[in-house]
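Chains as they are written, first to last, in my numbering: chain C, 14 to 188; chain R, 109 to 220; chain U, 24 to 168; chain S, 884 to 1395.
Some clues are possibly wrong.
Derived pair list, reagent style DSS-like, types lysine-lysine, alpha-carbon separation capped at 25 Å [unchecked claim]: (1) 171/R <-> 188/C; (2) 171/R <-> 185/C; (3) 1070/S <-> 187/C; (4) 171/R <-> 1070/S; (5) 206/R <-> 122/C; (6) 187/C <-> 163/U; (7) 206/R <-> 216/R; (8) 163/U <-> 206/R.
These are computed hints drawn from the structure, not numbers from a lab. Note that the coordinates shown come from a computational prediction; the quantities given were computed from them, not determined experimentally.
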Amino acid sequence: MELAISVITGFMILGALYAIHAKDLLSSVIACGIVGYSLVICFLLLKAPDLAIVQIVVDTITLIIMVAVVHDSSRNESYSKLDTQGYISAATIILLIMLLLYFFAVSIKSLDVLGTSSLRMAKYYIEGAAPKSGSANLVTGVVFDFRGYDTMGEAVVLVTAVLGVLTILRIKGKK
Amino acid sequence: MIAYIMCFILFFVGLYGVITRRNLIKIAVSLSIMEISTFLFFALLGYIDGGVAPIVDPADPIKVYVDPLPQALVLTAIVIGLATTAMLMAVIIRLYRKYGTFDIREIKNLRG
Amino acid sequence: MKGMTLIVKKTTQLIGGMIFMYGIYVIVHGHLTPGGGFAGGVIIAGSLILVTLAYGGDFMKLIKEEAGTTIIESLATIMVILIATSGFLFGTKIFFNNFLPKGVVGHLISAGVLPLYNVFIGTEVAASIFIIFLSLVIFKEESTQ
Amino acid sequence: MNPLIPLFVVIPLAGAFLIMILGRFFSELNKYLASFILFILVVLSIYSLINTGKDLSLYKVGGWEPINKIPIGIYMVMDGFTVIVLCIINIIGFLSAFYSISYIKRYTAENYFYALFCLMVAGMNGVVLSGDLFNIFVFLEISVISAYALVAFGVEKNELEASFKYQVLGGIASFLILFGIGFIYWKTKTLNIADIKEVFKSGYDRKYYLFVQLLILSGFGLKAAIIPFHAWLPDAHSSAPSPISAMLSGVLIKAVGIYVIIRLFFNMFVISEGMAVLITSLGTLSMVIGVFLAIGQWDIKRLLAYHSISQMGYVIMSVGIGMILLSRGAKPEIASLAIAGGIFHLVNHAAFKGLLFLNAGAIEYTIGTRNLREMGGLGKSMPATSATSLIASLSISGIPPFNGFFSKLIIIIAAVMARFYLLAVLAVIVSIITLASFLKFQRYAFYNKTDYTKNRNIKEVPFTMVFSMVVLSIFCVLLSLLVIPEIRDTFLKPAIDILTDPLKYSTSILGQ
């Protein structure tokens, strides 16, 4: 299992690198969409069907929105060659990332390895979800009953985003 | 452990893109890659070997389920991510109409 | 925004309604099978976006159409908040209480207020995502004129 | 179970949606409705400030009782520190909304403005009241997304660019925070702050612990604009409409940045000396660099924005000194003095910086520019604005009868008593530079002899704007009463107790 996930994640990394470095913005956006679709496969392998359904549709919609923005705009990234300063800053960033990666690899040694997760809070969700919330789908039980307050907040986030989009896309700002 | 490290590399690929790219769309793409890696991280946290998807079958209740809590968190986070992407896209399309370009080097009224 | 070719329009006629119905199915069975309010709402929004893309804005006469959708989603969110606070009214004095009878696990009508939440969150999500898409499209049209 | 707690979130949310629906049919209603809703919140928060006292009240959302002392639902917690921040949020929010009644008339789509405003207040109230990590993240997103939209409310070039910068940096911060939450869940398998403390208490791996703390600190540090992460703040604060600048600077960076950092590092993590030293040095850096960046500014709101960074530096430095002392286990009374200074300065900063941004808005409203070189002689034609901004300027630079003096004095005394002489000297120097910078502001805006605006008809701003400014200037004077030990004990002591006692928060939550 771990191997399969790692291989798919490797492909996602390649896709991400292509998305970042592609010259054409449309192919960059589509590569990003492919990374999102690979995530769906990971979700299915990790036994999360709810997430897979949501992610596949959300990713499609994100892709449509992004393509709608890029479509009939200037698609080429005007790409100038890096000067010395650019090389130095890129090297610094990569060095910093390597350092953080090493730090990460060291710091996760004491934690649970993949697949041996123990439960503390969620134990009672699994034991209690069916009798307490009456829901056969444990994720729906958690989302709407045990953590329903989060879900309300999240619905409000979406409404806020809609209001924000409507606010930003007004044609005239001041009278 | 290797899966977690790969996931973290994906996160840093996104961060690298946000810092080094000079194009509005590329920055948005990099942010959504960071977002994807975070979702993957949460899904990895909940996985249990031999577990089944967390849907109770009343006929056969004794099973090992994967942890439903991280999945619930990701469900919330995906929709929040969609909201932030939509906001970012709205600002980007507006900026494009004002300046006629996606290049951030030409969009520099404010400094500091 | 112009519509697409006849083939696309005919295909959309055939599958658009089916996708819509599937979204409703996912919402209603959210507490029994994978899916739920979010997934179903996003699927419904996807079907609406599909129709809009295939037929184009001219067909739907898109002129600041969002006004109606804003009210729908506001009402849906207010309903969620009302259900959440109705625990206050129905005895228990608890915010987000699951105050309805739970029923039998696995039946369609069970799990108290969860199906209600699913329905309203689904409405809200569908309306919100569709309105985001519409406002981007309408803005592109208006600003090019 | 305190039934008042959820009202702080439910009332502004319901208000926001009512404004959105009703605003389409009754266009005049929305502004009064927003002010009315925020006024109810002010009353509620003052009531809780008086009633909370030393005890900690809890609200278990959904009524889920803990099983085997492990909380399974989401908890909302109200304690001494929370009510202070709640009061700041709602009072500044009410005054800004009232101020906007006149100010925002120039913009289109007023009902979106008031709806987003209510959502922002609801998000901040939710963050402050939450006792659950992921819940903090959700409500933080509500407040920052509405802030992104409000920063871009004018939809001109500058506003959009500032909003874009804010969104990109805010997005990075959100993902860092989310990753940090995942890390904490990986180890502890729980999300409740008190329960996490319970797990960490029984032992942890040091490298893991350091990594998590760095992730959380950089995430919330970006939201709070501590110095290496400050790039978005001057643009966003100067481009937003003025009441929103007052909210962003007076409240938002405190509620979603400083408050959460203090809460998590005192009540969730076990305090370690290395982290305390890092936080103190970041605070000192913000304090010093912020004021130097502010010197050269000629745009009023940019100048004020850089001073926000500097003044927040005072708060973080002072709290950091308290952390260092607590981690050494020495001199607890000096540690509580330092923390008291920090919280006192947090409250004061909300009052005077909010007032200064409202003043800047009044100036911009009348003469239509923010450039200090193009104004002058406004003192005669705008007496109320001039007087209130004089009070605020004296207060922020630490002149005796006003509140800023006392909080800075407490911070400096605490630094001297803890033998951080260098920090005390730096605090004094920064205070002097602040004074110089604000004398420049006063001189060029109000007392300049060369009057660039002579030929124009300049009047005092409308009543609602004057009202908000006068009330805030009264606060600037009244808050200095907090220096009297008896009054300080009633209002600040509960907050300091909950922060300095390492176990009080978690045991009293898990015990209920």
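Evaluation of the provided hints:
For the hint linking residue 171/R to residue 188/C, the alpha-carbon distance of about 64 Å lies beyond 25 Å, and the restraint is violated. Between residue 171/R and residue 185/C the CA atoms are separated by roughly 59 Å; this puts the pair beyond 25 Å, and the hint is violated. Only pairs whose Cα atoms come within 25 Å are accepted, and residue 1070/S paired with residue 187/C is rejected, the gap being roughly 51 Å. Taking the CA atoms of residue 171/R and residue 1070/S, the gap is near 24 Å; set against the 25 Å cutoff, the hint holds.
Restraint check for residue 206/R and residue 122/C: not satisfied, since their Cα atoms lie roughly 50 Å apart, outside the 25 Å limit. Between the alpha carbons of residue 187/C and residue 163/U the distance comes to roughly 20 Å, so the proposed pair stays at or under 25 Å and holds. A distance of roughly 12 Å separates the Cα atoms of residue 206/R and residue 216/R; the hinted pair therefore holds under the 25 Å criterion. For the suggested pair residue 163/U and residue 206/R, the alpha carbons sit about 12 Å apart, so the restraint of at most 25 Å is met.
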